[in-house]
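Visitor: The chain contents come next:
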Amino acid sequence: MKKLINAPEDVVREELEGLALAHAGMVRVSLDPYMVVRADAPVLGKVALVSGGGSGHEPMHGGFVGAGMLDAACPGEVFTSPTPDQILAATKAVDGGAGVLHIVKNYTGDILNFEMAAELAREEGIEVEAVVVADDVAVRDSLYTAGRRGVGATVLAEKLCGAAAAEGRPLKEVADVCRHVNDFARSMGMALTSCVTPSAGRPTFDLGEDEMEIGIGIHGEPGRERMKVAPADDIVALLAGPVVEDLPFRAGDSVLAFVNGLGGTPLIELYIVYRELHRFLAGRGILVGRNLVGSYITSLEMAGCSITLLKLDDELARLWDAPVVTPGLRWGA
Amino acid sequence: MKKLINAPEDVVREELEGLALAHAGMVRVSLDPYMVVRADAPVLGKVALVSGGGSGHEPMHGGFVGAGMLDAACPGEVFTSPTPDQILAATKAVDGGAGVLHIVKNYTGDILNFEMAAELAREEGIEVEAVVVADDVAVRDSLYTAGRRGVGATVLAEKLCGAAAAEGRPLKEVADVCRHVNDFARSMGMALTSCVTPSAGRPTFDLGEDEMEIGIGIHGEPGRERMKVAPADDIVALLAGPVVEDLPFRAGDSVLAFVNGLGGTPLIELYIVYRELHRFLAGRGILVGRNLVGSYITSLEMAGCSITLLKLDDELARLWDAPVVTPGLRWGA
Amino acid sequence: MTDSAADVARWARAFQAEIAEHRDRLTELDAAIGDADHGTNMDRGMRAVVAKLDATPAGDDIGALLKTVGMTLVSTVGGASGPLYGTVFLRMATATAGRSELDGDGWAAALDAGVEGVQARGKAVLGDKTMVDALVPAAAAFRHAVESGATAGEAWHAAAVAARAGVKATVPMVARKGRASYLGERSAGHQDPGATSSYLLVHCGAEQLGGQAHSGAVRT
Amino acid sequence: MTDSAADVARWARAFQAEIAEHRDRLTELDAAIGDADHGTNMDRGMRAVVAKLDATPAGDDIGALLKTVGMTLVSTVGGASGPLYGTVFLRMATATAGRSELDGDGWAAALDAGVEGVQARGKAVLGDKTMVDALVPAAAAFRHAVESGATAGEAWHAAAVAARAGVKATVPMVARKGRASYLGERSAGHQDPGATSSYLLVHCGAEQLGGQAHSGAVRT
Ligand SMILES: Nc1ncnc2c1ncn2[C@@H]1O[C@H](COP(=O)(O)OP(=O)(O)O)[C@@H](O)[C@H]1O
Ligand SMILES: Nc1ncnc2c1ncn2[C@@H]1O[C@H](COP(=O)(O)OP(=O)(O)O)[C@@H](O)[C@H]1O
Ligand SMILES: [Mg+2]
Ligand SMILES: [Mg+2]
Ligand SMILES: [Mg+2]
Ligand SMILES: [Mg+2]
Chain A
27 MKKLINAPED VVREELEGLA LAHAGMVRVS LDPYMVVRAD APVLGKVALV SGGGSGHEPM
87 HGGFVGAGML DAACPGEVFT SPTPDQILAA TKAVDGGAGV LHIVKNYTGD ILNFEMAAEL
147 AREEGIEVEA VVVADDVAVR DSLYTAGRRG VGATVLAEKL CGAAAAEGRP LKEVADVCRH
207 VNDFARSMGM ALTSCVTPSA GRPTFDLGED EMEIGIGIHG EPGRERMKVA PADDIVALLA
267 GPVVEDLPFR AGDSVLAFVN GLGGTPLIEL YIVYRELHRF LAGRGILVGR NLVGSYITSL
327 EMAGCSITLL KLDDELARLW DAPVVTPGLR WGA
Chain B
27 MKKLINAPED VVREELEGLA LAHAGMVRVS LDPYMVVRAD APVLGKVALV SGGGSGHEPM
87 HGGFVGAGML DAACPGEVFT SPTPDQILAA TKAVDGGAGV LHIVKNYTGD ILNFEMAAEL
147 AREEGIEVEA VVVADDVAVR DSLYTAGRRG VGATVLAEKL CGAAAAEGRP LKEVADVCRH
207 VNDFARSMGM ALTSCVTPSA GRPTFDLGED EMEIGIGIHG EPGRERMKVA PADDIVALLA
267 GPVVEDLPFR AGDSVLAFVN GLGGTPLIEL YIVYRELHRF LAGRGILVGR NLVGSYITSL
327 EMAGCSITLL KLDDELARLW DAPVVTPGLR WGA
Chain C
741 MTDSAADVAR WARAFQAEIA EHRDRLTELD AAIGDADHGT NMDRGMRAVV AKLDATPAGD
801 DIGALLKTVG MTLVSTVGGA SGPLYGTVFL RMATATAGRS ELDGDGWAAA LDAGVEGVQA
861 RGKAVLGDKT MVDALVPAAA AFRHAVESGA TAGEAWHAAA VAARAGVKAT VPMVARKGRA
921 SYLGERSAGH QDPGATSSYL LVHCGAEQLG GQAHSGAVRT
Chain D
741 MTDSAADVAR WARAFQAEIA EHRDRLTELD AAIGDADHGT NMDRGMRAVV AKLDATPAGD
801 DIGALLKTVG MTLVSTVGGA SGPLYGTVFL RMATATAGRS ELDGDGWAAA LDAGVEGVQA
861 RGKAVLGDKT MVDALVPAAA AFRHAVESGA TAGEAWHAAA VAARAGVKAT VPMVARKGRA
921 SYLGERSAGH QDPGATSSYL LVHCGAEQLG GQAHSGAVRT
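Protein chains in written order, with the working numbering: chain A, 27 to 359; chain B, 27 to 359; chain C, 741 to 960; chain D, 741 to 960.
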């Protein structure tokens, strides 16, 4: 294992300390329990947004705390859901009297911990709604699974709900934006290499020198298929095809196209992927109204990418363009 | 070699096409010759900034084209300097009548090609000044070498000069800002893994599973020393020590601290590095006035990082805070 | 023969030791069908429980003690198992609130409450390849034994035997809950880590509870 | 015996063929002390030169032809070698502007101009471990031969011999210019790629110029 870390057990704390030192103007960081909170929280009268999950996906979620996006993030240990008391503490720290939205990725651990936290918060008189994001088409959604994993759509939901909350909309409407994003966004990812969790110290899965995994999860969960590595254009078809067919996205649709790097893949490759995605969609009459290209929801140092499409309407485009000032995503101010 | 690319010879073109599709509002891209130009170029009456170099360092330089930073970037083939006619074409495309500053990284190829381009541009009546950035303390600067390589300070120089140009300052003053940045910035990098150029298809250098290279160049040029991998805190000392001693940076100095990822290193690790850098500097009485943490000058998929320090004064801090709207760096608008 | 709060504390400490001993094994089981952290998660949590017990003045109230265990697990384990184990202990705490002694009937009620809680929280049923596959048969066997006139000690033994069989039964199952469900058919052939740690919990009960420190309990 | 523009074009084409043949070798030499692209760079450039020659109506003006070669190299090679080789040809072009025939004196003047240009551009001197170490001795040997009464053909031979010796001399040198200089002492023991390609250029001159297509020229 080669990483720029000290002891594996200190990774999350030290990362949070670094984040706090680097972005003191935007966020405050608590180390006990772990949480990243907007520097000016609570914002009175505004619906507050709380998300969280295991660490190892930076900048998500701590890097998305700030004006126009999250009010707080709760980082767990690497790839381990945060605990209810972290989430409760964050919920209390950011509640501005207008209620709190929990944006939860669909993993059993995340759901259970957020559920317990929401129950505790409600007992303390805080209005909490939770929306679960589940956009990964690599997983069959059925009664016989834990359902689709929450991946790239989470980033989009956090930005869009953040904008809705900043406009002063009530909790139910902000939660509706989140549900809408979840209903109209789909994702799929692929890996060229495995991630290595600091505590394990070795690759989570083994991939041959000429193999890739299509449909990988952001914790290195197995995908749909293991294949020989292929040109980027073919990989785009393997990812975007199932994504487009699932919703389905149709000719005439406008979309937000999000090409995400998994941590070990450089930007030059992401633009090559984006180029083909744009052509792939154009060939189906699907228009790219907005885009995001970069490493926003990572899986430690995994090489690979994911593609997320969100069906856009004028309202979502407007929310997307609204100002956002966070360590990881910033424009308009 | 595992990369998200198609044919090695198409990497640069396809990356540029992707960049153009993703950021149509900010930049225009020419494929013959390769150049990335501000969408609204030329800006009349404003000093124009042109930089460039081999590709493989994204977002530098194409991702730094836009309001408040570069007017044009000239991407060469991967790790190969651009040619004079690219640079000439870019210079002509962005000249707004107030002259053009060439920001050149100190590599023989870059210097020679920019020199020829400047001569040609001057023959066509365009006022051109060139400033060479040479900040890599890993290389001994002497009469017996090509001098220090231009690395992380280039990103800072492009931002700061871009802000000075946006204020309407004349060519000489904008060039002075660049010279000042070069005089007061120092960098050093390290690699955990080698990069792989698409055309070679195999690692540029071999590093053992337990080795790292201290003082690496952004094209995989050999460093000062090959060592056993060490904890992040020790690596920070190995990089920041020589950087601080070289200028030297002294107690009471305020600096801009830039922790840069080389392409294959995820953000979580960069924040761990940043944390220790901040402590390292604090221990020497050096204050971090501004910071930048992320992968801004990369070396394909190389894992590793570099540290750049720039001595700050109020003027530089003000220029740093000025709005910038580029694909790779954005704030204030 | 009844158990006191001190006996219950001994049970928790024994569980911590057992988890520490099997930490890597639990993580390996989770590596095969999950994300390789179950041993780490439970070990972190149970160490925190013991630290908490060490720091808390020993009281008589079994419910209070079980609540401390549950709250500590909830706030230190994370993942799926944190809320699930937390719920087991918190529900047992509610069922035993204010009690300073527990007999077989008391334990049967507590175990039923814990198992009901975990199912309410995680929505897993028998056969989903989760800790439920160890806990449900264990609680059922315990109640059956008590209702058939067995001592609490005998009931704990019966529960451990049933939990062990439940763990083994998870091997061929296809996971339908939790992270392992992403594997679909490929989850078959692997023993569930959460069921395994649950068996260890019941096994420690058989060694420590039932009114006396038993020896020669069922071995894994 | 003099060379016409057609002879000069043949020289350029021969150089392209030679570069293509030795492309990987040149890149390997560059891998050892540079960035592994010298063969790729020169190959890309010389292919473009030949394509340009194919597309341009053949004229009589040697200066114009050399200018085409130089401009094409400048605009297609990049790196350090693009401007340097470009300068060699552009300076030779200036020295031969309007000439439809070149004799020994004419070539000597052209080579001197080219070599001067490369040194003015790159600031390298003999011993810096660059193409200068092949080109300077080659031009000097050429002029010496012509001034000693040799034919242009003989002078080209002498130049190739000198260039070859110059290349070999780069092996023990410590680089002081270009990318190889970052290696310091570690650059010693490796042959310079740019000097090697320069030798190929002069070698092709010995085969193609001097008023006749020679055979049996010095081999690498
Ligand atoms: N819905 C559920 N109900 C009951 N137990 C569950 C459920 N989901 C998962 N589990 C149990 O949790 C165990 C995994 O725990 P752990 O690895 O600590 O958490 P995570 O899956 O979040 O990494 C599984 O082996 C399984 O026994
Ligand atoms: N300053 C210089 N003067 C003359 N020749 C030089 C100089 N710097 C480098 N060279 C030559 O250029 C060659 C490298 O060319 P190439 O690999 O194509 O460019 P780059 O070094 O930019 O990758 C070296 O082998 C050397 O002969
Ligand atoms: Mg987990
Ligand atoms: Mg090069
Ligand atoms: Mg797990
Ligand atoms: Mg080279």
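None of these hints come from the bench; they were simulated from the model.
Predicted, not measured: the structure shown is a model, and the values here were computed from it.
A portion of the hints provided could be inaccurate.
Said to hold, decoys possible - Label pairs and their calculated CB-CB ranges:
1) C:L866 - A:E149: 28 to 38 angstroms
2) A:E35 - B:G309: 54 to 64 angstroms
3) D:E925 - B:R148: 31 to 41 angstroms
4) C:R926 - A:R276: 30 to 40 angstroms
5) B:Y170 - C:A772: 18 to 28 angstroms
6) C:T834 - A:D260: 32 to 42 angstroms
7) B:R276 - A:D236: 46 to 56 angstroms
8) C:L866 - B:P229: 46 to 56 angstroms
9) C:A772 - B:R252: 21 to 31 angstroms
10) C:E925 - A:E271: 19 to 29 angstroms
11) D:A791 - C:A772: 38 to 48 angstroms
12) D:A791 - B:G122: 27 to 37 angstroms
13) B:R344 - A:E271: 44 to 54 angstroms
14) B:P229 - A:E271: 18 to 28 angstroms
Unchecked claim - 27 angstroms max Cα-Cα, derived DSS-like pairs, lysine-lysine:
15) C:K792 - A:K118
16) C:K792 - C:K807
17) C:K863 - C:K908
18) B:K254 - B:K28
19) A:K198 - A:K28
20) C:K807 - C:K863
21) B:K28 - B:K198
22) D:K807 - B:K118
23) B:K337 - A:K28
24) A:K254 - B:K28
25) D:K863 - D:K807
26) B:K118 - D:K908
27) D:K908 - D:K863
28) A:K118 - C:K908
29) A:K118 - A:K198
30) D:K792 - D:K807
31) A:K28 - B:K198
32) A:K254 - A:K28
33) B:K198 - B:K118
Unchecked claim - So the derived list for chain A, only partly shown, Cβ under 8 angstroms to chain C, looks like this:
34) S107
35) D111
36) Y133
37) T134
38) M142
39) D167
40) Y170
Glycine residues also receive a C-beta, built at the ideal position from the N, C-alpha and C atoms.
Visitor: All hints are to be evaluated individually against the structure, with a verdict given for each.
Guide: Here is how each hint holds up against the structure:
no.: 1; hint: C:L866 - A:E149: 28 to 38 angstroms; result: 31 angstroms, holds
no.: 2; hint: A:E35 - B:G309: 54 to 64 angstroms; result: 24 angstroms, violated
no.: 3; hint: D:E925 - B:R148: 31 to 41 angstroms; result: 39 angstroms, holds
no.: 4; hint: C:R926 - A:R276: 30 to 40 angstroms; result: 34 angstroms, holds
no.: 5; hint: B:Y170 - C:A772: 18 to 28 angstroms; result: 58 angstroms, violated
no.: 6; hint: C:T834 - A:D260: 32 to 42 angstroms; result: 57 angstroms, violated
no.: 7; hint: B:R276 - A:D236: 46 to 56 angstroms; result: 53 angstroms, holds
no.: 8; hint: C:L866 - B:P229: 46 to 56 angstroms; result: 52 angstroms, holds
no.: 9; hint: C:A772 - B:R252: 21 to 31 angstroms; result: 37 angstroms, violated
no.: 10; hint: C:E925 - A:E271: 19 to 29 angstroms; result: 23 angstroms, holds
no.: 11; hint: D:A791 - C:A772: 38 to 48 angstroms; result: 59 angstroms, violated
no.: 12; hint: D:A791 - B:G122: 27 to 37 angstroms; result: 36 angstroms, holds
no.: 13; hint: B:R344 - A:E271: 44 to 54 angstroms; result: 52 angstroms, holds
no.: 14; hint: B:P229 - A:E271: 18 to 28 angstroms; result: 38 angstroms, violated
no.: 15; hint: C:K792 - A:K118; result: 25 angstroms, holds
no.: 16; hint: C:K792 - C:K807; result: 12 angstroms, holds
no.: 17; hint: C:K863 - C:K908; result: 21 angstroms, holds
no.: 18; hint: B:K254 - B:K28; result: 26 angstroms, holds
no.: 19; hint: A:K198 - A:K28; result: 46 angstroms, violated
no.: 20; hint: C:K807 - C:K863; result: 22 angstroms, holds
no.: 21; hint: B:K28 - B:K198; result: 46 angstroms, violated
no.: 22; hint: D:K807 - B:K118; result: 23 angstroms, holds
no.: 23; hint: B:K337 - A:K28; result: 31 angstroms, violated
no.: 24; hint: A:K254 - B:K28; result: 11 angstroms, holds
no.: 25; hint: D:K863 - D:K807; result: 22 angstroms, holds
no.: 26; hint: B:K118 - D:K908; result: 43 angstroms, violated
no.: 27; hint: D:K908 - D:K863; result: 21 angstroms, holds
no.: 28; hint: A:K118 - C:K908; result: 43 angstroms, violated
no.: 29; hint: A:K118 - A:K198; result: 19 angstroms, holds
no.: 30; hint: D:K792 - D:K807; result: 12 angstroms, holds
no.: 31; hint: A:K28 - B:K198; result: 46 angstroms, violated
no.: 32; hint: A:K254 - A:K28; result: 26 angstroms, holds
no.: 33; hint: B:K198 - B:K118; result: 19 angstroms, holds
no.: 34; hint: S107; result: 5 angstroms, holds
no.: 35; hint: D111; result: 4 angstroms, holds
no.: 36; hint: Y133; result: 7 angstroms, holds
no.: 37; hint: T134; result: 4 angstroms, holds
no.: 38; hint: M142; result: 5 angstroms, holds
no.: 39; hint: D167; result: 11 angstroms, violated
no.: 40; hint: Y170; result: 5 angstroms, holds
In summary, the numbered hints that this structure violates are 2, 5, 6, 9, 11, 14, 19, 21, 23, 26, 28, 31, 39.
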